[in-house]
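Colleague: All chains, please: the whole structure from these sequences, using the hints.
Residue-level listing of the chains:
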Amino acid sequence: MKRIEVNLSSLKDTKPHEYVVRFLFGGLATVVAGLIAKKFGPVVGGLFLAFPAIFPASATLIESHEKKRKAKIGSDGRNRGRIAASLDSQGASLGCIGLMAFAFVLWRWLNHHNAWLMIFVASTVWLVIAYGLWAVRANRPRGLYRLAGR
Amino acid sequence: MDTVFIRFLVGGFVVSLFAALGDVLRPKSFAGLFGAAPSIALATIGLTIRQDGRAYAALECRSMMLGAVGFFAYALLVGWVLRRYKPGAFLASLTLLPIWFVVSIGLLLLFERPA
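As they're listed, the protein sequences go chains A and B. Just so we're aligned: 135 in my numbering is position 135 of the first sequence, and the numbers increase by one with no gaps anywhere. Just so we're aligned: 5 in my numbering is position 5 of the second sequence, and the numbers increase by one with no gaps anywhere.
Derived from the structure by calculation, the hints contain no laboratory data. Treat the hints with care, as some may be off.
[Stated by the list, open to error] Calculated pairs, DSSO-like style, for lysine-lysine (alpha carbon to alpha carbon, straight line, at most 27 Å):
1. Lys68/A to Lys86/B
2. Lys72/A to Lys15/A
3. Lys39/A to Lys86/B
Modeller: Here it is as structure tokens:
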């Protein structure tokens with residue numbers, strides 16, 4: 001079983017302007033989703049609740065941090081950076097299945113139960129499904145995972 | 001205007017929080033899950049319920065499922081292109097973004113087509 005680790009020192013790798021960019025993208029995506037819902041209604045607006053707003057910024061940061069880590073030990077980290085970004089994308093694709101389940105729970109039961117309870121239940125469902133799919137996939141060794149070793 | 005500003009602040013905070021979680025977690029494939037966390041939805045759903053009601057928010061969530069299918073197709077494709085053709089992550093993730101629009105809006109048109 002692959003171990004999940006928390007490495008707080010990774011937070012230092014992210015520069016202040018990178019945090020600002022994420023905040024701006026996140027804030028803008030949220031505002032735009034609201035404005036689209038106002039203008040075109042909840043059916044169209046709802047699509048944008050699952051818009052990959054900061055995905056390009058995150059994938060680029062992961063690649064750049066991995067490259068820098070490798071450069072510190074004197075090797076060319078370009079390939080490693082792309083592998084890390086690719087692994088991140090694979091993880092995100094599993095998270096998307098959880099995202100569908102999150103939306104399904106709220107669509108079906110938000111109207112009939114306590115709203116905050118349903119938001120909590122939907123978030124838990126997202127986490128359980130995303131983690132479950134990741135655990136199943138991560139424990140099937142494949143070339144890419146072995147190569148990345150992480 | 002106040003609501004827009006609140007949405008901006010809450011959205012920026014929640015999205016940044018999930019992104020920071022993705023930064024500190026290892027392995028990277030696990031951290032990637034947080035790239036598809038329901039961050040925008042969590043940031044807005046409370047405000048939407050307060051302003052427009054639960055039925056409106058539930059309807060948004062129905063469409064969100066289609067948006068998530070678009071995100072799924074997009075993330076799979078970005079991962080595959082990065083492995084297969086080895087472009088930069090920025091180039092791949094940005095140029096493939098229209099895939100999200102095509103899949104999400106295509107599905108919406110398919111399911112919401114008037115009878």
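Colleague: What's the verdict on lysine 39/A and lysine 86/B, does the C-alpha distance respect the 27 Å limit or exceed it?
Modeller: Violated: lysine 39/A and lysine 86/B sit about 39 Å apart, past 27 Å.
Colleague: Starting from lysine 68/A, check that the Cα of lysine 86/B is at most 27 Å away, please.
Modeller: 18 Å, holds
Colleague: Hinted pair, alpha-carbon criterion (27 Å max): lysine 72/A, lysine 15/A. Please report holds or violated.
Modeller: 17 Å, holds
Of the hints listed earlier, the one the structure fails to meet is number 3.
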